Amino acid sequence: MGFWARFVMAVLATWRVTHLLASEDGPADLIVRFRALLGQSTAGRLMDCFNCLSLWIAVPAALFVSNRPLEWLISWLALSGGACLLERMGQEPPLGVNPMSQPVEGEVNNVLRSETRGIAEQSEAGDGTERSAALLQQ
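Going by the numbering used here, the sequence shown opens with residue 553, and the numbers climb by one from there.
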């Protein structure tokens, strides 16, 4: 198996195990009971932080990817970073950040400059020759 295949598998495995430990109850509520048992200890607080936990989960996964010390170090950080990116991709946008609404047909788009808007309106009203003439006048 090549490096990239091992790397992708290790990123996915790092994300899966980290997500299981930090965010899920687990089969038969084993994980949630384990987190409750750890309480507010250092290990318990570690289980509450996805980013922190991914660093520790990525340690053995990096051994799967590389065996030289420098490569292992870089792989370790990259695996944790990849898992964190996957986790962020699955989250809702932060509060106060709303997706940009699409303009309704016929609505004026205030983002376009007035001369560009005029050309766009002309091209909608006529054929391509009128649009070409308007572009040449500028």
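Where hints are given, some of them may not hold.
[What the hints assert, rightly or not] Label pairs and their calculated CB-CB ranges: (1) Q643 with A588: 30 to 36 Å; (2) E576 with V611: 18 to 24 Å; (3) L625 with V560: 34 to 40 Å; (4) R620 with G578: 31 to 37 Å.
Keep in mind the hints are simulated off the structure, nothing from the lab. Everything numeric in this text was worked out from a predicted model, so none of it was measured. We treat Cβ as the ideally placed atom computed from N, Cα and C, and that holds for glycine.
Now the hints, each set against the structure:
At roughly 24 Å, the beta-carbon separation of Q643 and A588 lies outside the given 30 to 36 Å, and the hint is violated. Checking the proposed 18 to 24 Å range against E576 and V611 shows it holds: the Cβ atoms sit about 21 Å from each other. The hinted window of 34 to 40 Å between L625 and V560 is violated, with their beta carbons roughly 19 Å apart. Roughly 35 Å separates the CB atoms of R620 and G578, a value that falls within the hinted 31 to 37 Å.
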